[in-house]
Amino acid sequence: MAHIKSIDEKALLENCLLNKEWAQKELYDLYSSELFAICIRYATDSNEAKDILQEGFIKIFTHLKQYNGSGSLMGWMKRVIVTTALNYIKKHKKTINSPLDYSNETLQESFDNINSYINTKDLMNAFMQLAYSYRTVLGLHIIDGYSYKEISQIIGIEEVACRTRVHRAKQKLKEILQFENNTVAIKNN
Amino acid sequence: MQDLENILTNAASDHRMAAPAEAWLFIADALRKRKKRRAAWLFLSLFALIFIGASSSYFYFKKENKNSIQNTVLANNKNDIGNSVPINEDKTEKEVIADSSFSKTNINRKITTLLKKEIKNINNTVNNNYTNKKHKIIENIRMNGVLEQETVFEKKSLIKKSKSKTSVRIIPASEIEEILVTEIAVTEPNTKINEPVITNRLATAQKEDSIKNNIVKKEIEIEKINNKEKVSPKKKSNWNIYLAINAGALFINSKNIFQNRNESLVGINQIGFTSTSNSSASSTSNLANANYQTGKQLSISLLLKKESNYFKPQIGMYLNYSSFNLKAFKATGAILDASTQTLDSSQTGNSLYAAKSTTTSNTLKIKNNLIQIGFSIGASIPLYSFKQTNKILLQTQVIPTYNLSQSIQWYDKTSTRYFTSKKLDNDVNVTQSTAILWQTNIKNRTVLIGPYFNFNYFKINKSLSDVSNIYTQSLGAQLQIKLKK
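From first to last, the protein sequence lines stand for chains E and A.
Here the first sequence stands for residues 1 to 189, where the numbers follow our numbering.
Here the second sequence stands for residues 190 to 674, where the numbers follow our numbering.
Some hints could be false.
[What the hints assert, rightly or not] Think about it this way: if two alpha-carbon atoms lie no more than 25 Å apart in a straight line, the pair counts; the simulated BS3-like pairs of lysine-lysine are:
id	chain 1	residue 1	chain 2	residue 2
1	A	K224	E	K59
2	A	K224	E	K25
3	E	K59	A	K576
4	E	K10	A	K224
5	A	K495	A	K576
The set of hints was computed from the structure by calculation and includes no laboratory data.
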């Protein structure tokens with residue numbers, strides 16, 4: 001149940017703006033699973049993800065009056081959570097800026113050579129297996145739609161390095177998927 | 190061929206993960222606290238506004254009242270005063286009457302003023318009478334050509350004034366009689382001078398004399414009072430006792446509590462550690478995300494201040510109560526790895542407390558109630574003076590303290606147990622206090638009020654080898670009241 005009827009959402013919003021705890025709890029129950037998935041993407045571990053979720057929801061409830069109704073409430077809440085996560089990323093610049101090996105890079109390579117069918121669950125599992133530094137840039141660029149320039153400013157690296165890292169992340173993701181597919185094939189055989 | 194990017198985006202949007210149930214508890218708690226803080230600030234602002242409004246109104250109307258009394262008194266006494274007669278070397282009569290403070294000295298001065306006016310009027314009348322008579326006698330003599338009976342009376346004043354004191358010469362009765370006889374003989378040649386006439390005239394003169402004597406006696410009394418005051422003026426003590434109360438917010442960086450830990454996980458009486466078994470594992474912590482936490486501070490002190498126009502030294506006794514909670518993060522069954530600063534779950538059987546700004550399911554709240562006593566040494570200097578009784582002062586104090594509370598406790602919500610730290614170090618505890626105070630006079634009592642900022646330092650002995658330096662800051666309002674009016 002990711003989305004509720006707009007009329008219910010409006011009533012829920014109004015009660016949340018009046019700081020009614022039951023309304024805030026209901027909103028949390030409705031959207032926390034989806035938002036926690038975003039937190040997991042950007043956290044280094046589950047505890048950090050919980051911290052991001054908690055801080056994010058506090059920001060959502062305290063700044064709820066800034067939501068002016070343009071766009072969906074879920075979209076607005078996602079942006080708040082992503083912003084909270086990005087602040088966390090800024091604090092952990094050292095972790096995500098650990099040196100990576102860029103030797104033998106071919107920038108022309110893409111995702112286009114995946115032959116087997118990929119289900120979303122496997123894909124997300126593979127995505128979560130990526131190193132934090134890869135996962136962050138890939139998530140920001142592919143999933144949340146940030147430009148290379150924006151990502152480079154957030155993380156504090158050169159734009160070129162950012163592009164390279166995204167490309168490398170895609171490659172790694174492909175390798176993981178191929179490895180898992182092969183493993184499944186061997187098991188079936 | 191599939192577009193993996195699109196699949197990834199779709200996968201992410203459908204991705205769900207169950208959020209931890211205890212996260213909501215933390216969120217709800219934080220939201221409730223925000224509400225309380227907002228209400229508290231609103232109340233404080235309202236109270237401050239009411240206080241400022243009431244104080245301003247009080248002082249404004251007091252000043253207006255004083256001005257109207259002054260104007261009324263001055264208007265009533267304008268004609269009588271005429272040229273101001275100096276009462277003492279410093280103030281004129283006008284100033285004395287306009288002074289609305291009612292000390293004993295001022296009351297005496299007012300009596301002196303009024304009596305002297307009366308004496309002056311009588312003197313003027315007496316003098317005028319004598320002068321007029323003198324003129325009449327001379328005129329008579331000239332008109333009547335009685336040169337051999339020319340008698341010129343010297344003006345005899347019953348009251349002589351000198352610069353230093355009032356002296357009195359009372360004319361004896363015989364002398365008065367002589368004057369009377371001569372006067373009658375010259376001015377009323379047709380009046381028979383006999384005993385009844387003289388007696389009558391004498392009685393009149395004596396009556397007049399007695400009135401003057403009474404006035405003189407009063408004046409002598411006043412003079413005695415004035416001399417007494419001059420001889421033995423009340424010794425004003427230079428030292429005064431003040432009661433000072435500080436109330437404010439306390440700020441502590443909880444990171445300090447847990448910094449520089451490099452000790453074995455042994456025992457229970459160590460801040461941040463509890464162990465179920467002896468472990469040789471050690472860890473260091475360099476905790477990011479440790480926040481400033483806030484608390485409350487209340488202190489009361491008795492100050493002995495030396496009154497002077499400029500530099501005012503002071504000493505005092507000091508009692509302080511500080512209360513703050515520290516949030517800590519507990520990871521059960523894990524240990525903080527020194528190299529990666531991450532939790533290493535391979536180590537079991539130990540619980541580790543680290544200070545983090547956010548909480549998880551294993552949140553701890555560290556309660557800390559410190560009671561300290563000490564003495565203060567300091568001084569204040571005036572920065573600005575306006576009117577006689579209003580000043581802005583800068584006050585600074587150094588306050589070495591001793592911790593009455595011997596340890597810091599904390600409470601584990603999950604295990605519902607209290608843990609106790611090692612003893613607080615009592616070797617070095619000191620507070621440096623700076624305040625900017627507004628000194629004024631409220632109902633004849635000196636009062637000082639203003640903001641203060643304290644910088645506090647004390648130590649905690651976490652283990653035999655490790656001592657933690659704790660720095661706190663506090664900011665609030667100070668109220669000082671002089672105990673003697």
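Here's how the hints hold up against the structure:
| no. | hint | verdict |
| --- | --- | --- |
| 1 | K224/A - K59/E | 14 Å, holds |
| 2 | K224/A - K25/E | 16 Å, holds |
| 3 | K59/E - K576/A | 51 Å, violated |
| 4 | K10/E - K224/A | 23 Å, holds |
| 5 | K495/A - K576/A | 21 Å, holds |
Hint compliance for this structure: hint 3 is the single one not met.
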